[in-house]
Amino acid sequence: MFHLNKQLKKNRAVKLSNHSKELIRETLLSHIQEHPVRNIESSRLLFQNHLSYFAKSFIIRPSYSMPFIILALVAMLGGGTAFAAQGSLPGDLLYPVKVNVNEELQSAFTFNEEAKANLELNHAEERVNEAIRSEAKGKLSDETKLTIEDQIARHTEQINEIAKKLEVRGNVQAAEAVRSHLDGYIEIKSKILEKIGMPILSGQTTATIENSEKIQADTSPEKKEETKNSLERNVIHEAIKAVQKENKNLLNVLKREDSDDNDSLIVQPIPQGGLQPVPLINKPLQRGDDDTSQENENEQEDEQEDEREDNDVEVEGELKLDSKIEIEID
Amino acid sequence: MDAKQLEQRFLEAYELYSDAIFRYCFFRVYQKQDAEELTQEAFIKTWNYLSEGKPIDNLRAFLYQVTRNLIIDRKRKERPSVSIEELFEAGIELEGPHQKNIQTILEQKELLEQLDRLEDEQKELLLLRFIQGYTPKEIANLLQETPNVISVRITRAKQALHQLYVSPQQTT
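Read top to bottom, the protein sequences are chains A and B. If you read the first sequence in the numbering used here, its first letter stands for residue 1, the second for the next number, and so on. If you read the second sequence in the numbering used here, its first letter stands for residue 1001, the second for the next number, and so on.
You may find that some hints are simply not true.
[Unchecked claim] For lysine-lysine, the following BS3-like pairs were computed, each having C-alpha atoms within a straight-line distance of at most 25 Å:
(1) A:21 x B:1004
(2) B:1109 x A:9
(3) A:165 x A:116
(4) B:1158 x A:15
(5) B:1137 x A:21
(6) A:6 x B:1158
(7) A:10 x B:1137
(8) A:6 x B:1004
(9) A:191 x A:137
(10) A:116 x B:1004
[Said to hold, decoys possible] Between beta-carbon pairs, the in silico distance windows are:
(11) B:1076 x A:6: 30 to 36 Å
(12) B:1165 x A:36: 41 to 47 Å
(13) A:136 x B:1002: 38 to 44 Å
(14) A:122 x B:1073: 48 to 54 Å
(15) B:1148 x A:142: 53 to 59 Å
(16) B:1148 x A:136: 23 to 29 Å
(17) A:169 x B:1149: 49 to 55 Å
(18) A:18 x B:1072: 27 to 33 Å
(19) B:1073 x A:170: 34 to 40 Å
(20) B:1147 x A:3: 44 to 50 Å
(21) A:36 x B:1104: 44 to 50 Å
(22) B:1037 x A:93: 56 to 62 Å
Hints listed in this document are in silico derivations from the structure and should not be mistaken for laboratory results. Just so it is clear, CB atoms sit at the ideal spot from N, CA and C, and this is done for glycine as well.
Take the sequences, apply the hints, and build the full model.
Given below as structure tokens:
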């Protein structure tokens, strides 16, 4: 039998001749010309295997740290969790998901520097909103203040970093725009924050943020690392707990949200509200007669969905998320 | 993603998968030219699907499925099957680094003949596992089955092939 294996393997060398390959490529190219993309709105190409190929070239991938694993968990157990997290406040169960998962994800998939700065600014604004809402609910404790201030500091630092980056690259205009937006933010929000006892932004400008490294309460890098780690650890625990609670119900709700456009767990383009809930349903390929249409009966769908959930989620070094969980943000 | 990016990704997929698809076709139809046509057809169909805005989440699986359907359609049209014997007489070219000595060619011929005697399903599994080199898990992914089922079937296919080697030759 071993001899059979070897024999079979010898045939692996079979492949297209360079000539034929070229010919076919040419044909494909002209075919593409004649049949251009018609319906780009819902066109989503989700290449799982592709990502390992791309790794050899240039694509920026999010780092495979804890937040990403948590996302995989969250995605597996209930996409509604991410959505529910958006409204949470510091001290809430799902707040870590909002900050460390949702927002992290958003930044991870924003590649344009200016857009990144914008995003950070949005997040920073959100922090102020959280502060205000906490205050209104009487939940603005010292600890909460600290959390929020900490985060705001991080956001503003990030924005400055980006401005510097842009400048270094020669894009002075963009750098200026970024900085002026930040200034605007500081000017407006510092007053609000002062009123509720968080004078962190008072008297700051982009210049002072740059020069003084920290405007946050606790300054040492070790403390930063520590808070980050414990925060991450908490995120995992909290996320799992929260998600398990909602699990069964959400899954049933999502299953019924059958939709033509959404074939897998796709994170839609993010408006102000954050991540949207999307059905977890995946329509497997079926053997059609001529067309490989992706139509499906519901029973088979449900069955296979359960199966797939058990088997397939892995997060390995190469992003071989073997299930059909793919994340694409346009 | 815009149209340009879609096109780019598609072409990259062509680079990635064209050889594999071709090899698969070849070991199903045993004709180089047919295999090339089938490969082209598979990619064209895939593009058509994409250009209509329909989402694909696993491109490799999709390509294989399209290809398999094309092959089934073709076989249904009842072309007289070419025997391996004729193929080798015509001087089949298997590009590869291995020695093209008589023994190798003969061994290969015999292998293909026996392989051909298997049921389509088993033939395909051995093709995917040993010639394409996919793991049972990957195959499961392609064929929408569980890895266990695939492993079991592969073992049985191997046994069946072994049996064929042992039993007397069928005259073609």
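May I ask which of the numbered hints given earlier this structure violates, with the numbers listed in increasing order? Of the numbered hints given earlier, those the structure breaks are 5, 8, 12, 16, 19 and 20, listed in rising order.
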